[in-house]
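Visitor: My request is simple: use the sequences and hints to build the entire structure.
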Amino acid sequence: MRYDQARWSETDHYEPLLIEKRSESVEIEDSPLPDDLTREELTMPSPAEPELARHYTHLSQETYGVDSGPFPLGSCTMKYNPSLLETVAADENAAIHPDRPEESVQGTLEIMATLQDWLGSIGGMDAVTLQPPAGAAGEYTGLLITKAYHESRGEDRSEVLIPDSAHGTNFASAAMGGFDVVELPSGEDGRVDLDALTAAVGEETAALMLTNPNTLGLFERDISEIAEIVHDAGGLLYYDGANLNALLGQVRPGDMGFDIMHYNVHKTFATPHGGGGPGAGPVGVTADLAPFLPRPHVRAAEDKYELYDPEHSIGKVHGYQGNWLVLLKAYAYIRRLGDAGLAETSKAAVLNANYLAEQIDFEIPYGPSHHEFVASAGDRDAANVAKQMLDHGVHPPTTKWPDLVDEALMVEPTEAESKETLELLAQAFDGASDADQETLASSPRRTTARRIDQVEAARSPRLSWRALEDS
Amino acid sequence: MLDAIGADDETELFDVPDSIRFEGAFGIDAKDEFETARELEGVLSQNDETTSFLGRGHYAHHVPAVVGELSTRSEFLTSYTQYQPEVAQGFLQALFEYQSMLVELTGLEVANSSMYDRATALGEAATLATRVRETSGSRVLVPDLLRDGQREVLENYAIGAGLDVETYPSDDGNADLEALAAAIDDDVVMVYAENPTVRGTIEERLTEIGNLADGHDALFCLGTDPVALALLEEPASVGADVVVGDAGALGMGHAYGMSHGLFATRESFLRQVPGRLVGAGTDESGRRAYTLTLQTREQHIRQERATSNICTNQAWVALRTAIHAAWLGADGLVELAEQAVRAPKALAARVDDIDGVDAPVHDRHHFREFLARTDRSATAIREELHDRGYAVHALGEDYLQLCVTDVNEHATDGLVNALSEVA
Chain A
1 MRYDQARWSE TDHYEPLLIE KRSESVEIED SPLPDDLTRE ELTMPSPAEP ELARHYTHLS
61 QETYGVDSGP FPLGSCTMKY NPSLLETVAA DENAAIHPDR PEESVQGTLE IMATLQDWLG
121 SIGGMDAVTL QPPAGAAGEY TGLLITKAYH ESRGEDRSEV LIPDSAHGTN FASAAMGGFD
181 VVELPSGEDG RVDLDALTAA VGEETAALML TNPNTLGLFE RDISEIAEIV HDAGGLLYYD
241 GANLNALLGQ VRPGDMGFDI MHYNVHKTFA TPHGGGGPGA GPVGVTADLA PFLPRPHVRA
301 AEDKYELYDP EHSIGKVHGY QGNWLVLLKA YAYIRRLGDA GLAETSKAAV LNANYLAEQI
361 DFEIPYGPSH HEFVASAGDR DAANVAKQML DHGVHPPTTK WPDLVDEALM VEPTEAESKE
421 TLELLAQAFD GASDADQETL ASSPRRTTAR RIDQVEAARS PRLSWRALED S
Chain B
1001 MLDAIGADDE TELFDVPDSI RFEGAFGIDA KDEFETAREL EGVLSQNDET TSFLGRGHYA
1061 HHVPAVVGEL STRSEFLTSY TQYQPEVAQG FLQALFEYQS MLVELTGLEV ANSSMYDRAT
1121 ALGEAATLAT RVRETSGSRV LVPDLLRDGQ REVLENYAIG AGLDVETYPS DDGNADLEAL
1181 AAAIDDDVVM VYAENPTVRG TIEERLTEIG NLADGHDALF CLGTDPVALA LLEEPASVGA
1241 DVVVGDAGAL GMGHAYGMSH GLFATRESFL RQVPGRLVGA GTDESGRRAY TLTLQTREQH
1301 IRQERATSNI CTNQAWVALR TAIHAAWLGA DGLVELAEQA VRAPKALAAR VDDIDGVDAP
1361 VHDRHHFREF LARTDRSATA IREELHDRGY AVHALGEDYL QLCVTDVNEH ATDGLVNALS
1421 EVA
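From first to last, the protein sequence lines stand for chains A and B.
Counting with the working numbering, you get residues 1 to 471 for the letters of the first sequence.
Counting with the working numbering, you get residues 1001 to 1423 for the letters of the second sequence.
Source of the hints: derived by calculation from the structure; they are not laboratory data.
Be aware that one or more of the hints could be misleading.
As the list claims (entries may be wrong) - Below 30 Å or equal to it, Euclidean Cα-Cα: the simulated DSBU-like pairs (lysine-lysine) are:
id, chain 1, residue 1, chain 2, residue 2
1, A, K347, A, K419
2, B, K1031, A, K347
3, A, K304, B, K1031
4, B, K1031, A, K419
5, A, K419, A, K400
Guide: Structure below.
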């Protein structure tokens, strides 16, 4: 398919900045405050509403989303976001102040309590907090719980074990929590190497963080043995829920032996990614760890829903109760699907990934794949392949990661794509595969902007329109 | 499709041992779209209809219809982190413009494209303080009136950085400078103050707080929001090194605490900034184009040596903040901020006229909100106001806190009448 993205352009830029259209400076005088408590002046763009509407409409046209076309960005689960979710989140009864007393927000608390229960069932966990505002915040919450749990037993464990194929957030969250990171080399089959794990665990092991299926799309078949090794050493097993879409209704983290997990509701439960967020990263735990959950926690009492502080709570991880509107959308999505729909989701996601893998001409060194696979661009630069794919009207996969695969292309089509769209994607892959070096290097040509010089942008950072004026 | 793969059914594709396969049921009934919407509408209607005079860190201003309309254009809503900038110029430019507006408002050179909320932004500021300081330190000083929830989040970020969070006293709502001077030493890495404070008072000695911090090589972190910034002293001019706050006060409205965290700082700390930064660069056609930049600070490149673990953030809320700020323009922003000074003053005067109530408690200038002292139990009054359809804060048994902005100013007559009945 041919594709030309919208492009509003002048000689030296695309859509002008708001400040270049109309700006206004106001001197602060005759304000109701004494002069020494106020600023002197304020300069801001000041478009009329029609100009504002056109500006942001142009910017939206210069943005590619799931509603524009397929978006097989590995590890990000860019599935279609049903419009219903926006409708329910716009309910004016959802627009409440966070300090409203619990008796006046029973509707909100009921939705939260029910969602906690549903997520607990889906993950095989005994208790769930909805407070963490994103996946990485969920990881951090889980690690704070890990720390508090070990301390409650009089133990000070300093190490968190993380496979080399894991998401970058795992390493960063562990470091933020003050843990030493021990990186586990993957085995030749791309999975956890049991010998390496056995050698690494010990009395300093606080937890092992694991994604399953891992970032190569492989299921850690030895998960029960892995759990036993970690538990025997006194450590906890943490499940990074980024890839949960692969397993919905088929196998549950709790049944694999995980003690703590986070859910990425913006991935698995179809809440829109919003250009980078907000998401939500609820955390589930086993009954032993429930007393450590963030406060306040929601529960059903006899005739109402209430907030309470878990006995050994780690405190708070968000100023209030997290990203409420995102949680509300996740509730709507789960309710639409129900048990059967959730199980069908993972089946379709895994089928789609395997079908697409079968259709493309790239080598896929590891398997069997689940919801995603990692292909190798071989002697081509994976970044160039991705840029070429843009000209075919599709979003390319995640590139150059994980490191286990040379010039990696990490592909996750999701359950939302039809057979025809998967074939379109395959054509885009193969089109890029067949392209000569010159075409690859000069791609993309049909997008709003041509290839951007990343090195220059980082070498002389210009991060505001003030910086543009100064440069 | 199964034929092409060579499988009989999807179940075969799962490389999962039988022993752990899930054979049970979640017990979640599916509903069609109409029934799902109806269910949620019904449950949410159990939230009371209340006119809110609540504030204390989470504020609502009227969000113009155009913000909702434009921000929910599906290309914005359904896109993600701009790993392929050539095809994401629109969102990148919107974030670049958001950053630029915060640079104008704070006077600092760098604003990132969002933290989760004010509390987590404050936590990130503390860890930044440990990274940019030449000598190590272990103390962070915060106001004693800081909300418990915010302090707990800060403490949870401080744990890994080996920091202790301590409070300094307040004096009639604002920072007690003498007590702060006595508390500070070279072991302090950051001093945090808010303007306006959580009680709505406007700090009068910010420059002195900044100087105190600077004298001990500690960062001065200022908590605020974009509406207050339009009128109150510019953070850069009072020596602030980091500005954090609830940027969703523009663009988001009440969402049970969902918002987004403002984070701005000095250019000299650029390489230590957490989160996403959008920069302007040039594309092959020679045109200005935007891209995520300085990504070597971030977790997907630097792993455990990253400046933060943040990945997914609140970008879409930042988009809304930018649209709202642009809709207001400089004039509208200043006007909204001036109203946030006039409205609480006017309401306090009326509340003060009620027998059994004195307001404002603090002899300060106020922004959006103020405290009122009550002769009767404040919690009893709060309950009775709730029965009359008004939500207010009670602080202990002696104080009410009332927050008034453009969205509830129309209801002040009713509030004053109700308060007259129950005070």
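Visitor: Please go over all the hints and tell whether each is borne out by the structure.
Guide: To see whether the hints hold, each was checked on the structure:
This hinted pair checks out: K347 (chain A) and K419 (chain A) have alpha carbons roughly 14 Å apart, not beyond 30 Å. Of the pairs offered as hints, the one joining K1031 (chain B) and K347 (chain A) holds, with about 20 Å between alpha carbons and a cut-off of 30 Å not exceeded. For the proposed pair K304 (chain A) and K1031 (chain B), the alpha carbon gap of about 24 Å is at most 30 Å, so the pair holds. Annotation: proposed proximity of K1031 (chain B) to K419 (chain A) holds, straight-line Cα distance about 26 Å (limit 30 Å).
Note on K419 (chain A) and K400 (chain A): the hinted pairing holds, with a Cα-Cα distance of about 27 Å set against a maximum of 30 Å.
Against the hints set out earlier in the document, no violation occurs for any number.
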